[in-house]
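J.: The residues making up each chain are set out below.
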Amino acid sequence: MGKIPPSFKGSQFPKSTLLKTPQSPSQTPLLTQKPQHFLKKIPNKRPSKSQPTPHPPPPPPSLTFTTPLLSDAKSLFNSLITATTTNKHTIPSDPRFFNSILQSYSAISSPHDSISLLNHMIKTHPPFCPNKSTFHIFLSQSCKSPDPTLSTVHQALNLMTSHGFPPDKIAADIAVRSLCSADRAEHAIELIKELSLKNCSPDTYTYNFLTKYLCKNRTVSAVNGFIRDMREFCNIKPNLVTYTIMIDNVCNGKNLREATRLLGVLAEEGFKPDCYVYNTIMKGHCMLSQGGEVLSVFKKMQEDGVEPDMVTYNTLIYGLSKAGRVKQAKSFLNVMAEMGHFPDAVTYTSLMNGMCREGNAVGAMALLEEMEAKGCSPNSCSYNTLLHGLSKERLLDKAIELFGLMKAGGMELETGSYGTFLRALCKKGKVAEAYEVFDYAVESKSLNEVAAYTTLETTLKWLLKAKEQGLVV
Amino acid sequence: MLPQRMKKAITDNPKKLANLIDLVNLPSTLREFMGQSQTSRLGCFMRVWSYIKENNLQDPNNKNVVNCDEKLKTVLLGKPQIELAELPMLVKLHFSKASK
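In order, the protein sequences belong to chains V and U. Reminder that position 340 of the first sequence reads as 340 in my numbering, one-by-one numbering, no gaps. Reminder that position 15 of the second sequence reads as 15 in my numbering, one-by-one numbering, no gaps.
Since the hints were made in silico from the structure, they are not lab data. In this text, all values refer to a predicted model and were calculated from it rather than measured experimentally. Incorrect hints may have been included.
Below are the BS3-like pairs computed for lysine-lysine, each with C-alpha atoms no more than 27 Å apart in a straight line [to be verified]:
#1 V/Lys407 / U/Lys63
#2 U/Lys16 / V/Lys445
#3 U/Lys79 / V/Lys428
#4 U/Lys63 / V/Lys461
#5 V/Lys445 / U/Lys63
#6 V/Lys465 / U/Lys79
#7 U/Lys63 / V/Lys465
#8 U/Lys63 / V/Lys467
#9 V/Lys465 / U/Lys53
#10 V/Lys461 / U/Lys79
#11 V/Lys461 / U/Lys71
#12 U/Lys15 / V/Lys465
#13 V/Lys300 / U/Lys63
This is chain U alone, in the form it adopts within the complex (with noise of 0.2 Å):
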């Protein structure tokens, strides 16, 4: 049910799948912690995604809660530990910034 009703907002509303995808100028810090001065808002949660995976960040007791490393704290408002469910929320912060 759900997939059919994304599909049509996403076709109904061509911005949203934009602002996902789009390249864009990223502010200082996150420049420093992806490597590129560009990318998109996917792009971006795919790298923090894969950055939690590869530092085996996750709380080993509660999977869902992530320990955030020095690193990953400048992309994260610094916070020392998020949780899983915030990620995509977290990481839109930025862009919806800068798309203003």
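Chain V extracted, bound-state conformation (with noise of 0.2 Å):
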């Protein structure tokens, strides 16, 4: 899954991607309602052009837009109305058809060119009557043109209600995900009230996308207004899965008590928290190497009688590591596997990290050993891990074994275990050897030139450096 984070020492690596594991929790809830996007999407947005093939002979599948003028559009669209009517091919009668001829140009136009283009085919192709998702198109299309205002959102919305299509909940997500897509949150946010205002507030979908947006893209305070003025002026609340993204970002951003306040507030609003929510804390506790409230909130969890899952547990064994705790995390793995949860190679991984930052690579080759004897595969990750803590204890045969393996593996080298490697192999005077490295790291593509040049200049000025004050042999 994740990475190794570059360093081990504690303090050195904020956003460990090893962490990506106890964030997914807080993902998965949000990817359960994507398939339903998707659903209301996919007919809506990518009007399969494979559709018209069913007719004898197929009419061209579509149109292919070069200029965004649109009188070059609209002679285009002509000859293929003639085309095809002198040819006796039938157009499809699909509105799909058409949708997909305005959506490719769409891409490439104004919005107020798409819309006259709607309005010659209707003109020159009567049987042609637009729906639903043709007023998507033009929608989506006015939330991502460049407007300091919403006039022309509006227009299409107008455009929209004029044909019989009031907006309604499909029509608000797609623009706010359209406007989110072109950075105006903003806007999005206006939307939404003026929407809520016409009787048509946004599903519950919709809502934790914006949350979700404005978490990583603005500040706390804007979230929690935001949150505020939804609950003042739409009469929408936050529910669990709202609350799990907020404390999700607050976690990263290495803000507990925000956290703290949050699992308040949710409690009040008489939610029961998760698993995933308490993963997500778990998560929090482990990015400050809190080891003791790691456990506690495992403990807590089980006093709630929330079941836990195999990113608790990874979590947890990492967490404990990380706060070098890991006799205890490696009492754990014995009781995942009884409740089912088989360690994985992020579990062992994080083992290792902790045995390594304990000065203890050899227990950590030993537990590789004992994970690839479990029918576990270690990844690149497990594999950068020991190669940083055996070059740290200085092991450099065992490191230059581990390399071999790797390089047979293909496997990308992190900067962290790039560099410690390259200053042990220099320190034994193994110079040839760290320019092998440093042609493995490039040719991998896992740093790019300047960054392994770099290092590489300067371990071999601190070797020159050392040899002239006659530290190094």
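The two chains are supplied separately, each in an independent frame; assemble them into the complex guided by the hints.
T.: Rendered as structure tokens:
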């Protein structure tokens, strides 16, 4: 899954990639919603071009627009109509076919021109009757167009209303997502407020999407302001998923005080924290290397009768290892196996990481064997952790052997392990080997040339200096 | 530990990075070796190192030592033998002059 932190020193890696595992819980609840959105969207936004094929002589599947000029687009459409009528081909009556034409044109034109093309299409080819999805094309286009105000979006929504499709939840969702993808979150909030006045409040998916977007891109106070506004203006209350998103966000920023406050609010609202909430909190404590807190969250979880999942155990073991309680962490290996969660590469790598931190790289190597014996294959993170640990303890022969394995497996080197390994090699006067490692790092694209070279140069500079002073043989 | 420090050093000191990757007009001695009139310090180092590898110039008994051939001597101060560890410094010599 994740990668190994570039370094083992506690404070050195605020955003350890290992933590990705614990992060995933908060994403999972979102993932479960997403398919619904896609189900809504796919028929709307991606009018399938293969649809027309059932017709005996397949008509030109689609038009490709090369210029954003409206006149060119019109004449292209006209030629399509005349070509099919003279050849006695039938144009598919499916509006999806026309939508695909509009979609491809809207990708390169301005909202105004696309609407003109629509009018032109209706005029020259009356059988075409625009449906809801047609207008969704304009809606998303107008949201993505650079515009300091919401006027084009309003235009698109008015157009929908005048064709008998008043804005609904789907339209709101499309608009919010498109606006966010154009980095116009403030406009998205404004639009939601307007729409909810028109009795069309967004559904929880839209709401959570926007919350997540704000969490990622705005300040905590902006998110809290948004939640408050939504409660006041639109009468939408955050649900458990919303809280999980927010807690995850503040935990990533190491703001555990806010996380605790949110937990209180969550309980006041009558929600019961679930596995994902606990995992997220646990991750927050992991980031601060608070081993005791990590354990107490786990205990609280058990008291509340929440079933821990794989991510919980991995977070727990990671947190304990990071806080230097490797023994305790190791004891959970059996516990989790008893619960039916078998330790995976992430679990073992966390443990190895902890052992290497303690200066027990030999023990970590033994764990590697144990894990392989149990049929769990190590990933490049596991190897990088070990390489780093071995190099740090100057167990160079083993490190070189391990590097050979990594090379054979085509695994990437990470900055931390690369640097440590390089220095260990140079210290023992194995400069040629260091050059080989440098070559491998560049070849395997683990690091860019500049980073790899800078490390090499600094290390060699240091080596020459040390030689001068007679520190190294 | 070092990589972070280095990253910081690079971001703190963009000049250092620039003097590594900026294209520089080469002195005539280097020009002949590189077959180019402009290159960066990094490019030059990579070229010299790959030249050493291509021509198997590393001493078979001690891989840390390079036995220079005539062409390589022209760029590395005419030394008959250099240590691999010195290589970045030797390449740098050409460039610190050029930048002045």
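J.: Now tell me, hint by hint, if it's right for this structure.
T.: Verification of the hints:
no., hint, verdict
1, V/Lys407 / U/Lys63, "20 Å, holds"
2, U/Lys16 / V/Lys445, "23 Å, holds"
3, U/Lys79 / V/Lys428, "25 Å, holds"
4, U/Lys63 / V/Lys461, "19 Å, holds"
5, V/Lys445 / U/Lys63, "25 Å, holds"
6, V/Lys465 / U/Lys79, "20 Å, holds"
7, U/Lys63 / V/Lys465, "20 Å, holds"
8, U/Lys63 / V/Lys467, "18 Å, holds"
9, V/Lys465 / U/Lys53, "26 Å, holds"
10, V/Lys461 / U/Lys79, "19 Å, holds"
11, V/Lys461 / U/Lys71, "25 Å, holds"
12, U/Lys15 / V/Lys465, "23 Å, holds"
13, V/Lys300 / U/Lys63, "59 Å, violated"
Hint violations for this structure: number 13 only, all remaining hints satisfied.
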